[in-house]
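Listed below, chain by chain, are the residues.
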Amino acid sequence: MKIDPFKELNPPTKDGYWINKKNKERYGGQYISPLLVPNLKRVQEGFFKAIKDKKFMKELNEELLSFIGVNTPIHFSPELTKLAGGEKKVGKIFLKRTDLHTNHSHKPISAYSCCKLAKYLGFKKVLTETGAFQNGRAVASACAALGLDLDIYVGANDAKKLAINKDISALHGANIIEVHDSTKSLLPAMAAALRAFQSEPDSMYIVGSVAGPHPYPLMVRTFASVIGRITKKQFKSLTGKDPSTIFAVCGGGSNLESITYPYIKSNKVKLYAVESAGKGIKTGKHGATISGGGKMGVLLGMRSKVLLNGGNIADSFTEASGLDFSSIGPEVAYLHSIGRIKFLTATDIEAKKTFMMMARKIGLICAIEACYVIHAAIREIKKTGKPKQNHLIHLCGSGEPNVAQMMEFMKKNK
Amino acid sequence: MKIDPFKELNPPTKDGYWINKKNKERYGGQYISPLLVPNLKRVQEGFFKAIKDKKFMKELNEELLSFIGVNTPIHFSPELTKLAGGEKKVGKIFLKRTDLHTNHSHKPISAYSCCKLAKYLGFKKVLTETGAFQNGRAVASACAALGLDLDIYVGANDAKKLAINKDISALHGANIIEVHDSTKSLLPAMAAALRAFQSEPDSMYIVGSVAGPHPYPLMVRTFASVIGRITKKQFKSLTGKDPSTIFAVCGGGSNLESITYPYIKSNKVKLYAVESAGKGIKTGKHGATISGGGKMGVLLGMRSKVLLNGGNIADSFTEASGLDFSSIGPEVAYLHSIGRIKFLTATDIEAKKTFMMMARKIGLICAIEACYVIHAAIREIKKTGKPKQNHLIHLCGSGEPNVAQMMEFMKKNK
Amino acid sequence: MSKLNKLFKNLKIKKKSAFCGFVTSGDPNYASSKAIMKEMTKHCHIIEAGQSFSTSTSDSPIIMEANDRAIKSGMNMTKTFKLIKEVIKETNNDTCFVIMTYLNPIVVYGVKKFIKSSASIGIAGVIIVDNNLNSPEEKILLNGLSKKGIGYTKIISPTNSEKFIQQSIKNTKNSFIYITTYAGLTGSKNVNLNNVKKLVYKVKKYSKNMPTGVGFGIKTPKQVKQVSKYADVVICGSNIVNKIKEGHERRLSAPKLAKFVAKYVKQLSESTK
Amino acid sequence: MSKLNKLFKNLKIKKKSAFCGFVTSGDPNYASSKAIMKEMTKHCHIIEAGQSFSTSTSDSPIIMEANDRAIKSGMNMTKTFKLIKEVIKETNNDTCFVIMTYLNPIVVYGVKKFIKSSASIGIAGVIIVDNNLNSPEEKILLNGLSKKGIGYTKIISPTNSEKFIQQSIKNTKNSFIYITTYAGLTGSKNVNLNNVKKLVYKVKKYSKNMPTGVGFGIKTPKQVKQVSKYADVVICGSNIVNKIKEGHERRLSAPKLAKFVAKYVKQLSESTK
Ligand SMILES: Cc1ncc(COP(=O)(O)O)c(C=O)c1O
Ligand SMILES: Cc1ncc(COP(=O)(O)O)c(C=O)c1O
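Top to bottom, those sequences are chains W, G, F and X. Every position in the first sequence, counted from 1, becomes a number in our numbering once 157 is added. Every position in the second sequence, counted from 1, becomes a number in our numbering once 157 is added. Every position in the third sequence, counted from 1, becomes a number in our numbering once 4 is added. Every position in the fourth sequence, counted from 1, becomes a number in our numbering once 4 is added.
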């Protein structure tokens with residue numbers, strides 16, 4: 158198994174913008190305090206140097222294969238196919254098994270790659286933020302493997318919740334710092350990590366999605382695209398062609414970009430992002446930046462679509478902690494603005510029912526985040542799927558962290 | 158990726174015995190109530206038919222690859238190599254990443270394969286037992302995937318313990334039955350499942366290790382040996398040769414046989430089994446059937462080494478619930494008796510320290526069971542390893558189920 | 005002539021079936037168990053004494069609980085021999101004692117020693133639930149016990165094949181063959197008379213003189229009566245064990261408990277044809 | 005001439021440094037904040053009023069808390085303009101008001117509208133912490149504000165490159181350039197006088213007449229005195245905000261809180277050379 162080298166298909170400007178040529182809107186950039194400029198420059202220059210460094214990339218790819226285990230299978234699911242209407246009507250449904258990674262989601266790829274970069278650039282310590290400790294765990298594991306110190310910033314309210322990934326982060330030796338600002342949740346934790354980066358220029362900041370100031374969105378999607386590069390090859394050898402559609406859930410957009418990136422210029426492949434509609438878009442309690450009417454704003458160093466509340470950021474709401482984010486990666490917002498990626502939604506209750514269906518009928522315990530995309534994908538395929546098509550759903554994580562929540566749901570719905 | 162076909166290297170007699178030619182001791186057999194004879198015959202004949210059925214085996218292999226994800230990587234660990242004395246002194250240490258399977262251990266392979274067989278033979282329901290729900294979860298997942306009903310027998314004391322894999326088994330729809338006999342732990346649960354098999358001949362019993370009456374030990378190791386067959390190919394292509402040593406932990410022996418089986422006739426490859434010495438062999442509180450002086454006995458349908466307490470079975474003791482078993486698979490006992498497999502031990506405290514080391518230095522959360530083998534392997538390699546050797550350790554599971562236990566250990570040992 | 009053969013010869017003359025009561029040896033403890041067995045000898049032609057094995061793979065929950073009580077009270081093979089020896093000595097009647105157990109307690113006690121002890125005490129027969137027809141232990145035990153005139157009983161059930169039944173008949177020596185009324189656990193289902201008839205006829209077809217014992221789920225005098233029309237031995241277990249449990253829970257003294265159980269056993273026994 | 009330029013011209017004549025006090029606009033609430041600012045105009049040449057942004061990427065915990073207080077009390081850009089407008093009207097002295105904020109509140113308020121409102125109210129200058137030198141928003145704001153004679157301040161720190169500093173000087177118009185005493189968060193470390201000296205000299209080298217403001221971590225009258233030897237403006241923030249918090253927690257009424265804070269501000273202000 159060899160990982161195909163990365164090809165830049167959608168370069169931003171040198172300042173980190175993706176520009177919609179029609180309406181001139183810009184996505185991305187680097188909106189940060191001047192005190193952070195040198196730190197970001199070090200990361201940015203280091204990143205471009207590293208991805209051209211053959212030895213670095215060879216080592217990284219080997220470690221992604223043997224430590225993270227990125228060569229996960231693609232699983233044809235006769236049961237999901239049947240649920241969507243049957244092969245004769247809608248074609249076949251496949252699952253990309255990203256849940257089988259070390260640490261059980263797509264996050265470990267960019268986490269490990271960024272930590273490897275940190276080490277390559279001589280940083281001794283890493284700073285990151287987390288909501289439900291998915292990113293926290295992934296970075297903690299990478300830092301342990303690479304011998305780096307780590308501070309994880311987490312909103313004080315999030316830190317209170319019992320979470321297996323929080324304990325695992327601690328077992329890996331991470332230092333967990335509670336953030337008491339504002340809503341005490343993911344957003345202020347991200348801001349706090351960026352502020353810490355300003356105070357500790359000898360540490361490298363790492364972000365958990367394709368968000369943040371340039372070069373983070375670019376860097377994370379470049380590293381994460383390993384998933385898509387492997388998928389593209391696997392899918393060709395499995396079916397002889399590219400998939401007709403690809404579906405991925407979208408909080409910040411990293412798992413979406415990780416699998417779709419290599420296909421963005423393949424116009425025959427339809428790309429779908431699924432957001433969390435929470436209690437329903439109309440209730441206002443949702444995490445759907447695009448589908449829920451987010452506006453352009455400037456947040457955490459980037460210009461992108463944001464859920465706004467006056468000049469401040471509106472709280473997002475969803476029971477999937479990995480999707481609880483009031484903005485979206487700038488490249489994703491750009492790809493949506495040019496019509497390349499279509500957006501769908503699923504509600505929390507639909508996702509939870511899908512979790513039970515997957516556990517009962519497919520035998521898999523899926524990350525609740527993945528259940529939004531599975532639900533929306535089956536609904537869409539039912540409506541628009543055609544015979545002989547192949548549909549690919551990104552099963553982006555496994556559901557151990559959701560077990561307690563789902564046991565409650567099961568008991569209530571017996 | 159293609160799975161090499163199974164080759165029978167160590168056939169038992171037609172009655173299911175492995176016989177030590179020197180001392181004429183027999184291991185295995187089928188010691189069961191006559192009422193179970195027809196059920197076992199159905200399983201036995203079905204098993205031999207299925208493994209010769211090309212369509213069945215092709216489907217099974219495809220599903221093992223894409224559903225269980227058996228093509229896990231082999232990871233070279235420079236850090237463990239260094240810990241054991243360095244490459245120049247002892248050679249290299251590799252980890253087989255069985256922790257990356259669906260359900261995170263080796264158990265899902267035989268669980269899925271046996272459930273697939275149950276379906277092939279027309280059974281509508283499966284019966285199995287579990288201690289810490291590793292096997293329970295694996296069988297529950299397989300039954301959900303294959304549309305089979307499931308009763309899981311578990312000792313009432315074990316059922317009381319909080320366990321994420323117990324909840325996951327329930328989410329998969331398994332029916333969990335508490336067993337109040339005797340010690341209310343794994344052994345009476347196994348007996349209870351066998352008894353249920355006697356009452357419900359239309360259900361198929363499935364065992365969680367290479368134990369039980371013929372054909373179970375044979376069947377489980379034959380199915381599980383997929384791990385070893387893939388390993389053999391991978392290791393050759395990685396290093397150009399077979400490993401010098403293979404280390405695996407041993408409770409019942411399924412993960413040991415799963416990786417070592419294809420090598421049992423390759424006499425240059427040294428094979429090591431590691432048992433749990435619990436609080437120390439001398440304290441009597443251990444789970445080491447071989448190293449702790451087990452005697453020949455007849456238990457759960459098989460003739461094998463057993464920890465005895467008069468005519469009854471002695472309780473085993475270890476903090477690793479997957480190793481808490483007072484006997485050992487008959488083929489393993491046989492391979493030990495002819496000197497093919499060497500036995501080592503590690504104590505509970507050594508395993509827990511190794512868990513912390515793996516979390517902190519390697520970045521992996523290993524099943525506590527795997528930590529016994531890692532500890533003993535490093536100790537052995539330090540003593541006997543030679544330059545240019547390659548050592549392979551079976552990392553048989555991931556440690557989510559052990560997080561609570563290890564958090565306590567960490568807090569106490571700060 | 006072996007004890008059991010003598011029994012069957014006598015009963016044949018009287019055209020009567022034998023009654024066999026099952027108890028776990030040492031349940032709920034040594035003293036009470038001894039009193040119960042002594043009392044039972046008055047009503048039973050055969051007493052099947054179970055030597056407990058905690059990891060039994062064939063007993064019903066009722067018997068499993070009895071096993072637990074016996075093991076907790078310290079029973080083991082040595083004590084079982086002692087108990088039966090004392091009962092035989094102190095009762096001085098013709099009741100046949102059959103030991104029912106699993107292979108492990110025998111292997112641990114020592115197969116040869118087991119045969120010797122059985123013989124010296126005057127055990128009439130042995131049933132080993134989990135000993136396979138083709139196991140090496142089978143041959144040793146069958147031959148060893150037969151040489152001493154001790155009966156050896158195999159169990160067959162409605163789901164066993166013809167071949168298996170024939171082999172089981174062959175391996176049953178100086179004793180009755182044990183026919184279960186259904187495939188399942190002792191005491192777990194309802195008696196299926198049809199099964200009983202079929203299996204008894206089948207056994208008689210292959211071996212005209214093989215005494216047939218029938219057990220599993222026989223609980224009422226009526227059932228005893230019905231079964232005894234076909235079977236040479238009617239075996240009752242779970243409900244007797246349940247009586248022991250009941251009396252034990254009511255904290256009856258050993259003599260009172262024995263009487264309490266024997267009263268029920270008498271009812272059953274008297275229903276045999 | 006712009007307000008700030010006028011101020012610097014006057015001070016140059018007096019050979020004095022300016023004192024700039026930072027508060028979060030609307031901290032702890034509209035009424036108190038207004039009273040505080042009014043009182044502070046008596047001692048400050050410049051008042052830097054922070055328009056809160058909950059997701060600030062550069063403020064110290066002290067200022068983050070002030071932001072939280074202000075947001076909870078309902079502050080937003082519109083109210084900040086109203087507050088400053090009232091303070092200017094009701095004090096009638098020469099204190100320059102500088103708005104410090106992040107880009108998002110401005111983008112949401114509307115960039116053009118922001119420039120218009122600033123001009124109509126008489127805002128002296130604007131600092132946007134996270135506006136990149138090369139962003140399209142930078143050009144629009146810099147040009148738009150300059151046209152209205154409103155000052156535009158860039159921030160530089162000891163770790164910035166020569167090129168970045170030169171560009172920052174270019175983008176600073178009608179105002180002082182903001183030099184941080186260290187790379188980190190406001191109020192988080194100790195003042196490094198050496199850094200201050202070096203950066204002030206560097207700025208003067210590139211642009212002889214560029215006024216220099218120095219801030220971050222300046223807490224005591226002694227530090228104010230030392231820094232004012234080099235800087236044209238000495239900026240104090242965190243400790244003033246801390247005083248507001250202290251008074252607020254002691255539940256002082258708006259006028260009392262204003263006096264309490266102003267007393268401390270006066271001490272600092274009087275220490276400027
Ligand atoms: C399993 C899983 N899927 C999806 C997400 C959403 O992140 P993103 O939208 O960046 O892929 C997360 C975030 O924690 C996650 O843990
Ligand atoms: C991770 C893991 N390893 C090892 C074992 C021991 O089983 P065996 O000895 O059959 O491999 C278990 C049993 O539950 C297990 O879960």
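Treat the hints with caution; some may be incorrect.
[To be verified] Straight-line Cα separation of at most 27 Å, DSS-like style, residue types lysine-lysine; simulated pairs: (1) Lys569/G x Lys317/W; (2) Lys390/W x Lys215/W; (3) Lys181/W x Lys143/X; (4) Lys281/G x Lys389/W; (5) Lys159/G x Lys545/W; (6) Lys151/X x Lys181/W; (7) Lys390/G x Lys518/W; (8) Lys198/W x Lys83/X; (9) Lys76/X x Lys341/W; (10) Lys518/W x Lys540/W; (11) Lys215/W x Lys159/G; (12) Lys245/W x Lys212/G; (13) Lys198/W x Lys116/X; (14) Lys83/X x Lys341/W; (15) Lys245/W x Lys439/W; (16) Lys177/X x Lys198/W; (17) Lys116/X x Lys179/W; (18) Lys76/F x Lys181/G; (19) Lys179/W x Lys499/W; (20) Lys282/W x Lys239/G; (21) Lys178/G x Lys143/F; (22) Lys181/W x Lys202/X; (23) Lys282/G x Lys518/W; (24) Lys281/W x Lys239/G; (25) Lys76/F x Lys442/G.
Just so you know, the hints here were simulated from the structure itself, not pulled from any lab data. Source: prediction; values computed, not measured.
Verification of the hints:
Of the pairs offered as hints, the one joining Lys569/G and Lys317/W holds, with about 21 Å between alpha carbons and a cut-off of 27 Å not exceeded. Annotation: proposed proximity of Lys390/W to Lys215/W holds, straight-line Cα distance about 19 Å (limit 27 Å). With a C-alpha separation of about 16 Å, the suggested pairing of Lys181/W with Lys143/X holds against the 27 Å cut-off. Between Lys281/G and Lys389/W the CA atoms are separated by roughly 38 Å; this puts the pair beyond 27 Å, and the hint is violated.
Distance check on the hinted pair: Lys159/G and Lys545/W sit about 26 Å apart at the alpha-carbon level, within 27 Å; holds. For the proposed pair Lys151/X and Lys181/W, the alpha carbon gap of about 25 Å is at most 27 Å, so the pair holds. A hinted pair counts as satisfied when its Cα atoms are at most 27 Å apart, and Lys390/G with Lys518/W does not qualify at roughly 33 Å. Taking the CA atoms of Lys198/W and Lys83/X, the gap is about 37 Å. The hint is violated against a cut of 27 Å.
A threshold of 27 Å between alpha carbons decides the hint, and for Lys76/X with Lys341/W the separation of about 14 Å falls inside it, so the pair holds. Only pairs whose Cα atoms come within 27 Å are accepted, and Lys518/W paired with Lys540/W is accepted, the gap being roughly 22 Å. A threshold of 27 Å between alpha carbons decides the hint, and for Lys215/W with Lys159/G the separation of about 25 Å falls inside it, so the pair holds. Simply put, Lys245/W and Lys212/G have alpha-carbon atoms about 23 Å apart, close enough for the 27 Å limit, and the pair holds.
Restraint check for Lys198/W and Lys116/X: the C-alpha separation of about 31 Å exceeds 27 Å, so the hint is violated. Of the pairs offered as hints, the one joining Lys83/X and Lys341/W holds, with about 25 Å between alpha carbons and a cut-off of 27 Å not exceeded. Of the pairs offered as hints, the one joining Lys245/W and Lys439/W is violated, with about 36 Å between alpha carbons and a cut-off of 27 Å exceeded. Distance check on the hinted pair: Lys177/X and Lys198/W sit about 26 Å apart at the alpha-carbon level, within 27 Å; holds.
A threshold of 27 Å between alpha carbons decides the hint, and for Lys116/X with Lys179/W the separation of about 22 Å falls inside it, so the pair holds. Between Lys76/F and Lys181/G, the direct Cα distance comes to roughly 36 Å. Violation of the 27 Å bound is thereby established for this hinted pair. For the hint pairing Lys179/W with Lys499/W, the CA-to-CA distance comes to about 18 Å; that is within 27 Å, so the pair holds. In summary, the hint linking Lys282/W to Lys239/G is supported, as the alpha carbons are separated by about 23 Å, within the 27 Å threshold.
Our distance criterion of 27 Å between C-alpha atoms is met by Lys178/G and Lys143/F, whose separation comes to about 20 Å. Distance restraint check for Lys181/W and Lys202/X: the Cα-Cα separation of roughly 41 Å exceeds the 27 Å cut-off, and the hinted pair is therefore not satisfied. Distance check on the hinted pair: Lys282/G and Lys518/W sit about 15 Å apart at the alpha-carbon level, within 27 Å; holds. Restraint check: the Cα-Cα separation between Lys281/W and Lys239/G comes to about 21 Å, which is no more than 27 Å; the hinted pair holds.
Restraint check for Lys76/F and Lys442/G: satisfied, since their Cα atoms lie roughly 20 Å apart, inside the 27 Å limit.
In summary, the structure is inconsistent with hints 4, 7, 8, 13, 15, 18, 22 from the numbered list given earlier, while agreeing with the others.
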